Amino acid sequence: MSLQTLLSATAYRQGRAVRSALVRHRAIESDPVFLVAWQNGFDPFSCAAIAFGQAHAAPELFLMSGSREADIEAREFAAAAQRFCELFESYAVASSRVDYQGRKLEVPVWPAQVVIPNGATLRLLGRIGRRLAGMRHPDPAVTAVLRRFACHLLWLARHADLPGQQIVLSCTDFLNAHWVSAMSALECESLFALEAWIAPPGRTRGFEAAVAAERFSAGPQPKPEDAQTAARLFGALEKARKGGGEGPAVEEALGALREFYRGLTSPVWALLLAIAGRERDIPAGAHLARRIERDRIAYGLHLEGLGRAVADPRGLRFRENARAAALRRDELERAAALLEVEEAIDDPLRMLPRLLSGEAIEGEVLTCTVSRTDGATAVLCTEEPCTLPPGLALWWSGAPFGRGWEIERVEATGAGSKVTLTQPVRKDPASCPAAGTRAVFSPLHFDDHLSYALSLPARAPWTHRPPA
Amino acid sequence: MSSSDDIGEAPWAARAPRHSLTVSVLAAAAEHTDCTFSKLALAGRVNLEKLFGGTRYEPGTGADPMAIKRGRLFEEILKKDDYAELLNLLYEQDAALGALGADVRIARLRDLSVPAGRSGLEVRAEATRRELAKIARRDWDASTLLDGAVIRARIGGEVAYFEADGLAAASNGSLHVVEAKSFPLIDGRCDPVKLGAACAQAGLYAALVRAQLREDGLPSEAVSDTGFIVLPKNTRLGRPVLLRQNLSFHIRRAERLLSLAHLDEAVVQRIEGRSFPAAGTGAAERIEGLSHLMDQAGTHYRPECLEHCAAAKLCRERAYKAGRLAILGDQASREMSGVETFDRALDLAAGADPLDHERESARELVRARRLYRRALKGAGP
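Those protein sequence lines, which keep their order, are chains A and B. Note that this note's numbering has the first sequence beginning at 1, numbered continuously upward. Note that this note's numbering has the second sequence beginning at 1, numbered continuously upward.
Honestly, the hints are just simulated from the structure, not real lab data. Model, not experiment: these values are computed from the prediction. Just so you know, even glycine gets a beta-carbon here, dropped at the ideal spot from N, CA and C. A hint or two may mislead.
A short list of chain B residues far from chain A (calculated; beta carbon distances all over 12 Å) [said to hold, decoys possible]:
| # | residue |
| --- | --- |
| 1 | Ala211 |
| 2 | Leu218 |
| 3 | Glu255 |
Computed cross-link-like contacts, DSSO-like style, restricted to lysine-lysine with a CA-CA straight-line distance of at most 30 Å [claimed, not checked]:
| # | chain 1 | residue 1 | chain 2 | residue 2 |
| --- | --- | --- | --- | --- |
| 4 | B | Lys313 | B | Lys80 |
| 5 | B | Lys79 | B | Lys134 |
| 6 | B | Lys79 | A | Lys242 |
| 7 | A | Lys223 | B | Lys194 |
| 8 | A | Lys239 | B | Lys69 |
| 9 | B | Lys233 | B | Lys194 |
| 10 | B | Lys79 | A | Lys239 |
| 11 | B | Lys233 | B | Lys69 |
| 12 | A | Lys223 | B | Lys233 |
| 13 | B | Lys50 | B | Lys194 |
| 14 | A | Lys242 | B | Lys80 |
Chain B with its partners taken away, still in its complex shape (with noise of 0.2 Å):
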């Protein structure tokens, strides 16, 4: 899914290079909702790949050509023959689609002659808008599948146009998201994490229909919460094997992200004067603002920010000169409640007064020092 480029600016990115919002991007900001930094990057579509790179924190970006491959080419096995494949999979999989089976409609609108850039994806959106609201009228030549789907949203005050790359399976007014993706199912069991991204995904998809849904004043509730991850089965590309999913979770933990995106006028006016650098800056110059920017907004570290955003690496290393448990995990963290940093937890253990809320670790902390001291020296059996 992308979608296309922007109206109006957000003042504190009105320098900073922008990208398009993608799935992708909104899956990632999905993970660090906590983080008012990622929340102005993403409200401001901020390109912070660009505006790290050169840098000694630069991410190290860009798929696999060679995996991107693989996924369109299972893609490309999908829609052999008017997705007969896919539709073979979905019939088998719920009587309730069955229907598929009988009176298959493809709305193709990818394949619209439209003009590209925004005003093609907006023809688009407005094409998807009406197949859509068929559908959940249940009208008599409402589609069965739908395939590049645009939809339009609201993401932190601005207009977005997000291109499906998933699939939807319409039957008797229910709507159900089909997502492809190229990772196999081995045995009947998967890599779970990347189960997890794709139903994310779906979850995402799901969520911006209902959107769309209500905006138009037709019920949400048809965008079914069962959706269906499309995998190959074992060693062999060209054999996909449905599996169904519940995206009840997802889809909640999307239409929260959306609701998020929107941004507290306490948090504009905490920020006032600071915005993203440009571009062009140099180098020191773009991660000394960004530093101001991160300390003014405020962030919120985790390990998992490696995987999804841009400035995890800045931001490690603040938590890290900071002395933050935070860099250790979440769990870490939660564990020794109260305790902030590595010193503190030192001082702690060798018998420094804990404070209140420092109470219950700080036991934890002395006896597991003298524990340790005492199975050094060799005390044992």
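For reference, chain A alone in the conformation it holds in the complex (with noise of 0.2 Å):
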């Protein structure tokens, strides 16, 4: 916390978010879809505008009227999720094959990625899905193509809850992730005014920035003030309909609908394309490709199964059993330690929450002998007393992998401690830190075994097996 304030100050004095981390820890597709949705307040499963496109054309804005006919509701989510469904599947043109538990997988070379405005979009988009799932119409062309539009909403919305996913981008998220300012995590939750804290306007100041951009939403909930423009603008569509059919005055209505939906989009959309730009420029983490592949995976697999998922919905749980749930949750606790180390050797400022604790330490090798027979062994001399007992496991950020260093001593040394490291096994040179460099050791490593392992072997050990 020490580190968030002392940022946060440092934002405050010099009147713009300053970077809490020195690579790019998310990927930024070179060509992804944005989304833009805003919600229709009477219905929380349903919308009332949704727009996407790619950066290189103009976002295509799809209106839900609300109407209470459910075939025109119906045709409208399904003009939207048509279009959807096309960009979201059309990154899969291209694949490769992979290695995947064992079996040779066909997936897309690159994965998809949607870019939104923040989690709330997420959440909406997750709700539409749930509502969409279950639609049916008369037409089969049109339930199918809800079905998969909806089949991709619940999977972008379940798999944006793995850590480190780049599938989904959200805006806010990944800023926060990315930047310090000096507002609290509640106005952090503004697109617009956490942008205007990183690059406030001229030489304005990030809060006055901040304060002037706040009149604007990112979505799905517009302002109060247009909330109340949109109930009118829906109420006047309501009465034209009431007079019968799809004459010129619901035209008119529905017009004046799209143009309002427009106005609050576009500020959003050059928005969303400004952030993606200006970040894709930072440097990428080291780490962030095995991510990329994992997303790869995950998205082959989800377009492998949508087909079945598509013909018999009832294949779509909600609910989790409980070995569902404890399966999802080893899944969920892996991803979030493995993407903490990952980021961590990416990214010295990763580290330093481990440093501030004292759980790991930090200093110039004095001495590293490597010995064919006896291991490793390495001298530590750190700026500050360390805490950590005698027998402890620590890795080297060089290389944190495999069997980790143990700490054989700690003498006291003026204001810091002389650290002596020992490796009982045999350690390849190029994996022991060089005398005279600086050093990071914690407890941070790739393991295999970093939880408890669900599946059994596909081979049984020698000890289960019935004697020969």
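Starting from the two chains in their separate frames, assemble the complex, guided by the hints.
In structure tokens, the structure reads:
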């Protein structure tokens, strides 16, 4: 927290946000799908308007007119669904084979990416998916496209929970993970205010720019004034529809609504493009490639199972049984642990919380001897007293895998400590820190057994096999 | 819930625009009972929205009319066929409420033919009082469902009438608050913030009813700690579901709020000669007047105030200009104990001599600065 406060105080003094990461920890694809959605206050499982598209073209806006006629409503959703499915699945045109859990899997070369303003938009997409999954229409083609759309949305909402994933890029989450401003967590949920702190216009200070930017909403909830205008326009449409049919009055009312939502969407759209463009230029973390690969496989598996889910939506489970919940929890915990290691290895700023809490040590390597028979011994001189007990295993951040270094001895030296670490197994000299360099030893490391293994091994170990 | 207007006037609010006390106003005030300025506004029923109207600190107000429409529709569904759906849910939920299934007496206090305005509310409040007394005394003709109750309470020394949106279900001398909300329960989960707000509202209703019973010399324990929140289940509005909630925390909090609404003499003396400005004065003059009052009374800005208080934007600016760490939130202030401002935090991080109460935070800041600088220089593996 002291680091967070220090960075916030620096941001306060400088009048603009400061970076809390030296590299970019999430991928931003070259041509992702940008999406902005506006909530319908009457129905939390629907939206009033949804706009999406890629950066090279203007966004396509689809209006859900809130009609009580199921047919109109389904067709409006179907139009948006059709276009979204085309865009989202277009990333799978080229594929390659990968090994996945012992089988050859054909997966898209690049995963799809959907850039959204904030987490609230993601939750709205999840709710829309939840509703459309059960929607039926006399025309089987409409039902199929709605289910397909629902499957995509539900999968996106679920996949977004996985720490480190980048198929769904929520801009507020992304910016908050890479920048620190002098705003509270609550205010940081406003994409416009956050961006105002990061890039305040002209000589304006972040605070003033953020206050001015707060008059805009990035969705899905419009500002109260806009919600009232929307209600008035929807009221006019309802009135026109009562007149009967789809006459010019209805068209006029629909046009006014479209224009209104286009006006709400355009500043958000411009902001999303600006953020993606700027952040893409920041060098990416070295371990991003692994997470892109994981996303690619997840996207491929989702597309593989899509046909089955569309044909039989009963397969879509909204509530998990105990086993599925435990497996999911395990998956999320593994991903979170791995992400922490990867980010800390890629970025010295991400290692700071461990150093500040005293769980990791940093200092100059006085000596490092590598023996073919006795393993390796390193002596580290730290500027701060080391409070870690002898016997504790730590990993050098330059090679955080395999068996860890054990703290053998800690001796006080003025303000700091001299820490002797030993590595009992034979080591490759390249995986040991060189004398005279600075090194960080922390508990963060790559481990295949980060948590309890829930799947039994394919071949029973010899202890469990019947005697030959 | 809404209340009628006023008897008497607080001197510091004599010129200010006033508004009726509503449960949302009280619930909002419950979020900052540590702010004297806010307490003054509550006790004087000052309409801060109006006072800040037309200034650059104007709060974005007004609920989404479509969301209000959804709420009304959901209530209509619940009230259909003499509350049949709601009564079924209550019956299924609790065997102790079994009596509801057998002999249901509904007190429709909203439908009483009473004059509009304050006198009408007084009549309804009296009727509510009689019904509550019957329930507490376990009379044979006590109602099992109260709809449209009006409760009399003293806020800031003045009498106010609160009209309850919620319902109250009673059986065997015990009364349970039932609050209907239109946000959905999706696959067994709902928005915890909204659920918390609904429970706070139900807790306030329960606290007001308890206060009323106490005033009438009846056992306040008749109001149960267990309340019910009715929500639509999943995607359809027409399938309500009942959540059983323990409201004891919310009731205690509401009771504390009601007791705090009475201002200390010391606070009144501190602001002597100062008052909330009149709505008609110019924007700059109004803001100046409010700032002076804030200086004298004292405020306690937290980021959460932005969600509840109409004065929050001005408070935030004042806190920002003073460079107070409080603008980051309670956690930052707590963890940097003893350090009040950003400038001081930076000075301490740079090695300035800490005062006794700053020593711990200063040590952390110095370490954080040293490690941060080293990380920026590229010291790593």
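Hint check, failures only: Hint 4 is the one this structure does not satisfy, whereas the remaining hints hold.
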